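Trainee: Build the complex from these two chains, which are given one at a time in their own frames, with help from the hints.
One letter stands for each residue in the lines below.
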Amino acid sequence: MTAELGHFAVILALFVAAVQATLPLIGAQRGDAQWMAVARPAALLQFLLVAVAFGCLTNLYVTSDFSVVNVAANSHTDKPLLYKISGVWGNHEGSMLLWVLILALFGSAVAAFGANLPPALRARVLAIQALIAVGFYLFILLTSNPFERLIPAPANGRDLNPLLQDPGLAFHPPMLYLGYVGFSMAFSFAIAALIEGRVDAAWARWVRPWTLAAWCFLTAGIGLGSWWAYYELGWGGWWYWDPVENASFMPWLAGTALLHSATVVEKRDTLKGWTVLLAIITFSMSLLGTFLVRSGVLTSVHAFATDPARGVFILVLLIIVIGGSLALYAWRGPQLVSAGLFQPISREGGLLFNNLVMATATAAVLLGTLYPLLLDAVGGGKVSVGPPFFNAVFIPLMLPMLAVMAVGPLLHWKRGDWRAAVQRLWPAMVAALAAAAGAWALVTDGPFLGPVGLALAAWLGVGTLVELAERLRLGRENLGRSLARLARQPRAAWGMTLAHLGLAVTIAGMTGAGAWVEESIQVMAPGDTVRLAGYEFRFTVSRDGRAVVVLNPEKRVYNVSGQPTTEAGIETRLTGDLYAVVGDRGTTADGRPGFVTRLYFNPLVAWMWGGLMIMVAGGALSLTDRRHRVGAPARRGIAAQAAGAD
Amino acid sequence: MRSRLIYLLPLGLFGVLAVYFAVGLTRDPKIIPSALIDKPAPEFVLPPIAGGTGGGFSTADLKRGRVSVVNVFASWCVPCRAEHPQINRLAGMGIVPVYGLNYKDAPEEALAWLNALGDGYTAVGADASGRVGIDWGVYGVPETFIVDGTGRIRFKHVGPIVGDALEREILPLIRHLQGGGR
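Those protein sequence lines, which keep their order, are chains E and B.
Each step along the first sequence adds one to the number in my numbering, with nothing skipped, and position 503 is 1178.
Each step along the second sequence adds one to the number in my numbering, with nothing skipped, and position 145 is 148.
Just chain B, same shape as in the assembly (with noise of 0.2 Å):
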């Protein structure tokens, strides 16, 4: 008996192993806890994008004591398209600045796509080379970032905004800290 037991023993611990599968199938890997949240924005400056007509921006204009919104995109990925009109509509509202960080983009591309869907942003800062990525923890566009008056980061969303994640999550987050929330 004891014997027919140890055959058995592989069978159980793949068992074991199908139910975390299952557990994690049922995990969202789009939630990522960023080490960066509540820590104060990285340094960097940011050049516009080459050719265009608008300004870059800084680490200096996430301190001017106002709430910012800053948006992670590129004309290569395709989700940033679907999110574009919902980060338009943010920037309509005239309530928060809405940054966006062009990611590793050739620039006649970055301004092809902003003409094409409109440019809603208060300015854009290109980053060719990703470096200010890495320091954001960027690791997949799109990415959207809300930041306090002071230049701490306080919410991070992974992948595009679409639904009602604008409503749902974006807009009471900046309602709160605009109104002295902690």
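So here's chain E without its partners, still in its complex pose (with noise of 0.2 Å):
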């Protein structure tokens, strides 16, 4: 009966956003504010619609009803409830209904909080948000519906995957989709914009919270995934350029990129064809993401082969909202005229580097990832295109992008004078050879990236701090007056603070873990010692009271699947991680019987994790600024009487 009740959730859901998505469209092009009304009520109806739907398929996994296909595949009576409720996104049919409520949540959120908003952009962000949703929801009925029977039932479920069995995973799918899905909001938004053949900084104050908050969550959802991988699978990595992290990554570093460049937007009133072609992309990458994980496409998966009809309904989606959005584009983006002149040196030209690159970043990975389909397309055969493509392209990219990040916040709107940028940025230069002396003295034989990473790191963090200093005037008045300045800094500027210091602390960790790990691989018995980093690892049976820590990896294995899992044992410390993995059983190399362990010492991996961490609080503070909140330019006038008072 559940079942049966979610699954017509599902299909009236699909109705309501038919409805939502044609009549406020029509309605705004006829100037009908009747027609226009129906977007709101529609909205909220539509994301009541999809929670029952979502809370029944909630529901059957809690009970575990094995009557229920989704259920018997991927739950088992005895798991804890925790991953009973991330059960139902740990698999392709409720992830897409997870899909679909997140869909919903912003456009009631649209709907609930979008008084302010002129009616006829509302009423097209609306339509746009449901036509995507009518997409998702013919999708999930015609191919993927995760309410279908299983007559007769089995007596119990087939489990998840242990390795998903982890509260970091049980988060990291809700993240990434928030994010994900997020980005529909600058999708919609642009897509009504190229409607209406305007864009101005009312239309990027809106869409740029919604883009921050979107950010936010893939972010967490990135780290979460990242940190996952580095302490689960027990492979002493943290990111592998493999297809699914690539899909997460993507829509990411188009995000940041729009980000950027929405600021310009609604500061300057200019790249505005850049930034709606850039929120199309970013929303295009985050559906491939989607699509590409789920359908196997990249990770060939058998699913693909079992359900044709999977593949090509994607497919036609794709060509639909991506092909069909950028033909619009191509019709009505010569229209957006930007008004703004800028030189090559000023704000604006920073952020349009940033732009660059991080489109640049994209494409790259984009060709990376979809190169071995490419090539199979065209009967080039199988191949996989590794890290060492990925390190090539995207290390080079992203040095200059590091150099110029310092001094793109001290240059000023329009026309910047990058001299005295740098000049003012001479601690952050004396911090840089330091970093880098420092690195170089203390690991003479590691690869020379190290201390070029580390010294951008100290080049960032300190040109951050620079420019937070220029700002309250510091040394150039008195103390007393620079604190009242402090603050009353927006917070908006604190988070453009604090994310770029994150970006300089993560970038040191990934310094740190990328060129001077250490590892060492052997057949260990009890009672055997290993010399690692300094550290001396003993590998006790009991736990040593005297060592320095005792790590206790583990190898667990799973009840229902008999699949083994690898549980690492890890001590976290500020210069670094002692990291142990114990394997199957070996042979010493004196022919006395052990296991097999792998040691590894990470230098200052934790700092990566802690920088994300830092950069999704950065975008956190910044949301909460007022300016966000008040969306309207007509409020401008008081900001600009309250600069002027000070």
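By construction, these hints were calculated from the structure, which means they are not laboratory data.
Some clues are possibly wrong.
Facing chain B, according to a computed beta carbon distance under 8 Å, are these residues of chain E, among others [what the hints assert, rightly or not]:
| id | residue |
| --- | --- |
| 1 | Ile995 |
| 2 | Gly998 |
| 3 | Leu1001 |
| 4 | Tyr1004 |
| 5 | Ala1005 |
| 6 | Gly1008 |
| 7 | Pro1009 |
| 8 | Val1012 |
| 9 | Leu1048 |
| 10 | Leu1049 |
| 11 | Leu1124 |
It should be emphasised that the depicted structure is a prediction, and the values quoted were computed from it without experimental measurement.
Glycine included, C-beta positions come from ideal geometry on N, C-alpha and C.
Mentor: Have a look at this one:
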């Protein structure tokens, strides 16, 4: 009964979405207020219906109703409650339902809080949201119905993949989806702007908070995923450039670019066409990401061959959404005339440079991810593109961007003076040289990129603080006035400072863990010791109280699937992680029975996730800024008065 | 006019991509060339399933001068259930020894599964850790290999053997190899 109720709710949601996608759009075109007014209640109703459907599926999982195929295939009565719930989205059908739930959530948020949006813009945005939703409801109902019955019902389920039974991964997909789907808001606003043929500061002000929220979730989601890979998979690494990771990284890169170009639209009324294109690209990457992971095009799970209808549906949906919006862009884009002119050396120039690098990086990751597919399509055979390609392309792109990133915020809008900016950055220069020299002295035989990476991290970190000090006029006015300025800094400015600082910390972590990781693989019998990075690892069966730390790596075997997983023993320190994994039985060099152990020292690796958390905190802080809530430029007068008063 | 063309560029690029996607869809992801084709089977010794009556098998069993079949299966794998009658049928013909590689499975569940569906295997080796499976390049269960008399892998079938796959692919190749074909 619950399953049928859920199924019915999805069908109803499809019809509501179909109404929401058409009437308000026509109404906005004809200036009919009543037709436009359909959008808000429809969006709220749609969310209610999907929430009911999602609640039904969750209920089926919690009560272990194995008469539903989806539950039987992914759950088990003995599973802890948390994993019964996370099992809802741990599979294709359920995750699609989560996708539309979040889409409807964002739509209803516009309906509920969009009171100060122009009615026509609001109607169009909600209609486009519903249009995307219609595609997804059809996809769910026609090819991926999570409520399908299984008769006769089996006695127990097949269990969730043990690798996925982990708190880190329970929350990873919802975070990621909040990010992916969040970018649909920017997309809908972009399409609405193309239909209206108008992009202005108010538009950018509306797009930015949604993009920023999506960006925060996506950053947190990627961080969680990489952390999970680090401690659960037991490979000692944190990023593998595999298609699934790339799928989440591409929208992040494009979204980061969008965030920055939307600032230019808001402040300087220029780069309009480019920003709209970025919004389309960012959401396209999200769609591509969702489907690349789920469809099995790249990961070559057997799903595709068994259900070709799903693959064809996905392709048609992608062509309609992405192709349709790009066609609209080709038609209407030229009308978006940018007003503000600027010199290459200026704040706009810096942000544009960021955009170009981010867009190039997105394209490079896309190419690397799709290359195996493209080659196969022309009959070139099956290949895979590994980390060497990505590192070779990605690192050289990022180095100049990090160098410019410290300078950009110090430049003036319109026309900047890069000499003056660089002169003010002398503390950052000193810090960068000190970091490089320190790294060089500590690790003489490491790769060249190690000191370079740390130097750039120090340059960016201290450079960001220099920019903050400039804003406070620290040292040029008396301390009291500077502190007063500190208290008056808008939260959005703090957000930028924090996010840039967070990136500096993350870069330091990546450099440390990437350049100076030490590892040792051997067979150890109880009592054996191995020296690594100045630490002595002793293999004990009982816990040894005199040791520096006791690491407890585990090998777990799960009851149902019999698949063993590896739990790494990790001790996190500021200078680096001690990381130990126990593998299969083996024989030591002198013939005693033992276990294969892999020991790692990952320098600074915790900084990476710490930095990501700082970035998310920065984004979240910026979201609470008053300007984002006020939205409309009508209040600008008040803000200008306030600025003039100090 | 030129500026308009720039606005068309993204659409054009996506069009090219979409064509590739469409072509990609027609490709069977199961056709993945195995690096092991025509290479000697990896060295291994597999114990029997704990608690079972049969014996395990090793590389030596595959080098006895006769064509043999190695079928990778697990009790947790649903497609294996679908293909198992075909495996039993092949074994029942008595033309080749059919070895079972029980991949990452719990012994008691594997035995219960074989009891329920019938155990036609010449011998079954238990690969609880999946190490031997990795050496064989197994990435999805079930998979079926045909090994010639000298212990070289000659064919790999990914996914379940259902429908007419046995008649169309497996048996002709076995007869060909048994007839001294190369």
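Trainee: Confirm or reject each hint.
Mentor: Structure-based check of all given hints:
| no. | hint | in the structure |
| --- | --- | --- |
| 1 | Ile995 | violated (11 Å) |
| 2 | Gly998 | holds (6 Å) |
| 3 | Leu1001 | holds (4 Å) |
| 4 | Tyr1004 | holds (6 Å) |
| 5 | Ala1005 | holds (4 Å) |
| 6 | Gly1008 | holds (4 Å) |
| 7 | Pro1009 | holds (6 Å) |
| 8 | Val1012 | violated (11 Å) |
| 9 | Leu1048 | holds (5 Å) |
| 10 | Leu1049 | holds (5 Å) |
| 11 | Leu1124 | violated (32 Å) |
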